[in-house]
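Asker: Sequence:
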Amino acid sequence: MKKISTILVVLMIAAMLLSACAQATPAPTAAPVEPTAAPVEPTAAPVEPTAVPPTEVPPTEVPPTEVPPTEAAPAEAFKVGFVTDTGGISDGSFNETQWNGVVAGCKEYGCEPKYIVSNEAADYEPNLTEFAGQGYQLVQAAGFFLGGAVAKVAVQYPDVKFTIFDYSYPNSFDVPEGQIGNKECIPNVEGQIFKTDQASFLAGYLAAGMTKTGKIGTFGGAKIPTVTIFAVGFQKGMELYNQVHGTDVKLVGWDSATGEGIFTGDFQDQVKGKEATQSLFDEGADIFMPVGGQIGIPGFEVARERGGYGIWVDTDGYVTLPGVQDVILTSVMKVMDVAATSVIKDVKEGNFKGCSNYVGDMPNAGVGLAPYHDVASKVPADLQAEIEGLKAKIISGEITDTGCLSAPDWCPSGLYTTP
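The working numbering applies: residue 117 is where the sequence shown begins, and numbers increase by one.
Bear in mind the hints are in silico, worked out from the structure with no lab data behind them. We put the CB at the ideal spot given by N, CA and C, even for glycine. Be aware that one or more of the hints could be misleading.
For each label pair, taking beta carbons as the anchor points, the in silico distance ranges come out as [to be verified]:
hint : residue 1 : residue 2 : range
1    : CYS301    : ALA481    : 19 to 27 Å
2    : ASP275    : ILE232    : 15 to 23 Å
3    : ALA220    : PRO274    : 25 to 33 Å
4    : GLY513    : PRO303    : 31 to 39 Å
5    : LYS223    : GLN386    : 27 to 35 Å
6    : TYR225    : VAL387    : 35 to 43 Å
7    : ALA492    : ILE205    : 25 to 33 Å
Taking the hints into account, I'd like the entire structure generated from these sequences.
Answerer: And the structure:
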């Protein structure tokens, strides 16, 4: 019996254990929750590509037009520099005429003009260098005396274009030792030279026909070819008048045969200019032609006092010297303003020609005689007709020697012959 009881107890315990096992089966599934949390993370990452589907970014959100065109680098400004000679910017003649052409050219073709005044020869090179070093695309130089400096600076700045008035490359001028460029052309330099003797030839003929004393006169600021060419033509025109009319008009202040004449030594000292004019009138001249910019201005007052006339040069003096219009017979014009404008146009349009020279003459209207203006009624009609006839013959080529062919030593190189 006891044995049976023991068996029953064992069976009961076993049953209880089985029951406990059956009820505890859910417990093991709750505990592994922590380990399954980590594997969920990898499934979160793949969701990211679908979080912002391509269709959710409308193509219009960043339209191409939202990038303004102004963000592009602006075009480099076209800048033109002008370096004067020592006569100053307001000389009513050489420098001022060129500067007016630069201003007109920039207005027409779109550029920024600026000038620097040279007070002495030592200023030429640093003034040119200042413009070239600041990235100016074109630098214009005002005359013969800047020839050596332009050559030197142009070689140092081959990407800058230069033009110089009253100077050409190559040429046969004697220049100070150490200056370069006079014997060879320079790829980024264009010369501007003028057959001024053609216009002064007409002025000499006119003066010979108008003088009451039988003497006319001239003087210059410096003895350089671009000054003496005026006197050469002036004398040649006077000589033709004498030949045609059988007269014996004399020229005071210059002789093409010897190269001797009156020169003040600069283009600034008006006192010297007045004294030179007085000396001409003291020798009997009653018509004079000063070649030196502002130094010639006081001479017109002398002409008024002495009952004579003056002939201005480079530009129309009737326009630039309003205070003495009544004694301005005419003007020998070099149309440098048009030349200054033209070279700006050439650079702007890509037609600049370095290693070359522009030659202004009567056929291309680069030189000419100004109107008689207020004194037109005092110039005999037949004399005016003769001058118009001579002008036509120069343009047609019938008249070839207006001074420089017979006196080449006193004229710029490259005008009529190749140096």
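Asker: Would you pick out the hints that fail for this structure and give their numbers low to high?
Answerer: none
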